[in-house]
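Number of protein chains: 2
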Amino acid sequence: MSDAFDELKTRLAEVHDLSKAVGMLGWDMETMMPPGGGPARAQQMAAVHKIAHEKFTDPAIGRLLDALRSYEAGLAHDSDEAALVRVARRDYEKAVRVPAELQAEMTHSASIARQVWAEARERSDFGLFLPHLQRNLDLKLRYVECFDPSDEPYDILLDDFEPGTKTAEVRAVFGALKADLVPLIARIRERHDAVSDAPLHGHFPADGQREFAWSLIERLGATRASWRLDPTAHPFATNFATQDIRLTTRYYEHYLSASLFGTMHEFGHGLYEHQIAPDLEHTPLCHGVSLGLHESQSRMWENLVGRSREFWSFMYPSLQAAFPGPLAGVDREAFYRAINKVEPSLIRVEADEATYSLHIILRFELEQDMLHGRVALKDLPAVWNARMKDYLGVEVPDDARGVLQDVHWSGGMFGYFATYALGSILSAQIWERVLADLPDLPGCIARGEFGPLREWLAQHLHRHGRKFMPKEMVERITGGPIRVGPFMGYLKRKFSDVYGLA
Amino acid sequence: MSDAFDELKTRLAEVHDLSKAVGMLGWDMETMMPPGGGPARAQQMAAVHKIAHEKFTDPAIGRLLDALRSYEAGLAHDSDEAALVRVARRDYEKAVRVPAELQAEMTHSASIARQVWAEARERSDFGLFLPHLQRNLDLKLRYVECFDPSDEPYDILLDDFEPGTKTAEVRAVFGALKADLVPLIARIRERHDAVSDAPLHGHFPADGQREFAWSLIERLGATRASWRLDPTAHPFATNFATQDIRLTTRYYEHYLSASLFGTMHEFGHGLYEHQIAPDLEHTPLCHGVSLGLHESQSRMWENLVGRSREFWSFMYPSLQAAFPGPLAGVDREAFYRAINKVEPSLIRVEADEATYSLHIILRFELEQDMLHGRVALKDLPAVWNARMKDYLGVEVPDDARGVLQDVHWSGGMFGYFATYALGSILSAQIWERVLADLPDLPGCIARGEFGPLREWLAQHLHRHGRKFMPKEMVERITGGPIRVGPFMGYLKRKFSDVYGLA
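Each protein sequence line maps, in turn, to chains R and Y. Number 1161 in this note's numbering belongs to position 269 of the first sequence; there are no gaps in the numbering. Number 1174 in this note's numbering belongs to position 282 of the second sequence; there are no gaps in the numbering.
Worth flagging that the hints you see were computed from the coordinates, not collected in a lab. Watch out, some of these pointers could steer you wrong.
Pairs involving identical chains hold if they fit within one copy or between any two copies, as the list cannot separate such chains.
Straight-line alpha carbon distances no greater than 27 Å define the calculated DSSO-like cross-link-like pairs of lysine-lysine that follow [stated by the list, open to error]: (1) 1233 <-> 1070; (2) 1281 <-> 1384; (3) 1070 <-> 1384; (4) 942 <-> 901; (5) 1386 <-> 1281; (6) 1386 <-> 1233; (7) 1070 <-> 1281; (8) 1233 <-> 1363.
Please model the entire structure based on the sequences and the hints provided.
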C-alpha cells in the first residue's frame, strides 16, 4: 500500500513544483518584469498552469486515491499521511468536476475582463465593464452547476476560499457583527474630532520607508536568509518554499500608513507559510488552510500587534529617528491615536479596523444578490451607492471610487471577500487564546520580543498547514466555532479608550 | 499539410514556454532568491525541465517532422517555415538519441559536481573535485557514444555549442591565431611599462557604478520598457521574450573595469536576443544561432565599441563626473590606455583582449587530451601549470587560480570554451563588414550614436535568430568562412598604437 502512497506523493510533488513555478512567473511579473515582457509572460504562465492542471486531474491520481481508501482508514486522522490523502481527494474531486473547456473559458474571460476593468476604473465607466462582468458571472453560474446542489448556490463559491464553510454560517456571523458594529461606529462618529491622523501625512521619503519596513519585519522575525520585501503597486505575499517567503508593499511618500501596516499585514501571511512543518514541505498540505485563517494572521500582525500601544512604545523611537522631519513634534500617544483613527470612507483597502467589515458585508450581500438575479448587473452602481450611504453614511461620487474599486469580480473571484472579515473576527478570537496562554504577551510586545507569539502561532496553527479543515482548525485552537464576541470586545475596548467613549 | 505544421508549431511553443519558465526560475535563483529557497528551487527547475524534455522528445513530434518532409521541400530555404522544421528536426534528432536515464545522470552528476567544485576551489583542493570530474567525463564519453561516429569524438561535444562546426576547423583557426598571437604578446611584454592601469584601481562606490552602468546601456540602446540590469556574483544575460531582456553584472568597489566592460559585454548578448524578428518569437528559432556568434556580439560591444578611443571620447566626461574622486586627475587618453593594458595573467575572465585567446586554446587542447585519455585527470593540475607557463609565461601558485578556476567542467560542459575565442575572432571579422557598409561608424560612436550599428546588426544577424547554421550565417554576413586575419589585424593596429610598437 505504501507504494501507492509514494506514487501519489511523487505525483502531487510534481504538481506542487509546477504551481510554484507559476507563482514565480507571477511574482516576477508583479515586481521585476519590464512591461515589454507581459504578453510572453501570460503565455508562459498559461502553459505551466495548464500542465499542472492536467497532471493533477490525471485519472491515475483518482485511481491511486481509490486504492488508498483502506490505507487511509487505518491511519490516525491527524497523521500527515491521512491528511495528505484526505486533502488531495477533496481537491481532486473538485478539480475533475470542472470541464477543461469551462476552466479555460473562465481563465480567458477573467484575463480579458481584468484589463477592461482597469480601463473602466481609470475612466470611471461601469458600462465598459458591464458585459465582461456579466460574462464572468454567467460562467460562474455554469461553474456552480458542475457541483452537487448545496444548501445555497453561493456555498459552492465560498468553498473555494473557505472550504467547508456555508453561506448561512457566514450570514449569521456577519449579522451579529453588523448589529454590534453599526452602533459602535455611530458613537465614534459623534466624537469624530477627538482623533487626528495629521501625523501620518507629510513627506516620508521612499528610501527611508523601505529601510524602516525591512527593520520592522526583521524585528518581527524575518531574516534575509529566507525572506524578501519588494515594492509593488498592489501589496501581496507569496512563497516558493517555507524558506523562500516574498512580501511586497508600497511606499506613498505623502502618507506613512500604507507601507507600515501593509508590510506588517503581509508579514503575517508570510509567517504562516514560513512556519509550516518541514515534513509537509513539497506537498499540497504546505499551505495555509484557508483565506480566512490566512487573513486572521495578517490582521493579527497588522492590527492586534501593529496598531497596539505596546508595539509603538517599543518601536516609535526608531520610527521617529527615521523620519525626524515630519515626526519631530509628534509624541507617541498622538501617533498611536493617529493610526487608530476611525472614519467611514469610500475605499475598502483604506478603511480602518472598525468600518472595514461593513465594506465586506456589503459585497457579501451583493454577490448573493447577483448570483440569484435579485440585482440586475446594470443596476449595480445604483445599488452599491445606496448601500454605501445606508451602511457607512458616505456619498459615492463616481464608480471608480464605488463599484469599480476592487479587482476581484473582474478576475471571476466571487465568494472571496467574506474571508477578509472572517479573518478579522478570527484574529481577535485566536488572540484571546494566545493571551490566555501568554499573559505577558503585551509586555513582550512592549519589549520587542516576538518569539513567544511566533512560537505559539507555529504550534497551534502554522505547523499544521492544510491538514485540517478551517472550521476544524478554529475548533482546535479556540475550543469552539467562530464568534464575533472577541472581535467586538476588542474594538469596543480599543475605541472607547481612543475616542473616550462613555 | 499546414495542419501538421500548425500542430508542430503549437507543440514547440509549449516547449518554448516551459524552457523560458526554467530560465525564469534560474534567473531568480541567481539574482533575487533568499538562500533558503535553494533546495526547493532545484526541485522546481528539475520538474519543469523534465516536462519540457518529455514534451520535446514526444514521438508525436517525430511523426509530425516526418509528415512535413515534402512540405518543407517545397519551401524556400530561408523561409521561416522551412527553418522552423529544419532546426526542430536537428534538435529533435539529437535529443532523442540520449536516453532519459543518461540525461538524468548527467544532470544529477553535474549538480553535485558543481557544489563540490565550489568547495574545492575555495580550498584549492583539486583532489576533492577529481572523482566528480572523472564521473562527468565518463558520462560525457557515454554521451558521445549515443551519436554516429564523427570525424573526431570531440566534434559531438562541440556541436552542442557551435552546431555543425568541426574540431579540425577550430584547431586550424586556433593554430593560425596562436602563431600570430604569441609573437605579438612577446613584443607587447617588452614594452610592459608603457601602459598603466592604475586609473582603474581606487574607490568606486557601488551605487555610482550601478547608476553609470545603467546610463551606459541606455545610451547603447537599452530601455526600461524591455530590459533589466541586476547585480550577481557571476554576470550573465538571459531573456524571457525579445522584449524582456535581463542582464546582470558585478560591482567591485576597488576596481572599475568589471562592471563597465562586463555590462557592455552582457548588453551585446542581450541586444542579439532583443532584435530577433517578432515573427520568430515564441518558436525555437527565437534564439542566437550559436555560442560563438553570440560571443561575437558581446565581444563587439565590450571591445570593438567599449574599449575604443572613439567611445570614451564621447563617454569619458560622464564617467569622470560620476567618479570625480578617483578619476579627477586622469585624462581621457590615460584612461583609454588603462583599459587596454595587456598583461598575461592567471585568470581567464580577467584576461585582456590579446592574451584571452591563449587561455581558451589551452582549455580546448586539454579537453581533447582528457577525452582521448592522453592526460590522466589526476595529472591535470601539473599539465595545466606547465602549459600556463609555456603559453602565457605565468607561474600558477595554486589550483584555485589554475585548473579549478572555471565552473564549466563541473557542469559537464566540455566543448564550450572554444566558442569564446571563436566569438572574439568573429567579432572583428563582422566588424570589418560593418565598417565597409558604415564608413562613418567611428564618427557615430564618437558622437554617441549607436542606432546605425544596432540596425546593421539586426539586419544582417540578429533578426534571423536560429534560422541558419552558424557557418552559413558567417558566410552570409562576411562572404566567407571564419578567418583570424581581421582579429589579428585589429589587435596589431590597436596595441601597436597603445604600446608604441615599431
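Hint by hint, here is what the structure shows:
1. 1233 <-> 1070: The answer is within: 20 Å in one copy meets 27 Å, while 77 Å across copies does not.
2. 1281 <-> 1384: within (23 Å within a copy, 82 Å between copies)
3. 1070 <-> 1384: Result: close within a single copy only, 14 Å intra versus 85 Å inter.
4. 942 <-> 901: This pair counts as both: shortest intra-copy Cα distance 20 Å, inter-copy 17 Å.
5. 1386 <-> 1281: For residue 1386 and residue 1281, only the intra-copy Cα distance (26 Å) is at most 27 Å; the inter-copy one is 78 Å.
6. 1386 <-> 1233: Answer is within; shortest intra-copy Cα gap is 11 Å, inter-copy 71 Å.
7. 1070 <-> 1281: within (15 Å within a copy, 84 Å between copies)
8. 1233 <-> 1363: neither (32 Å within a copy, 72 Å between copies)
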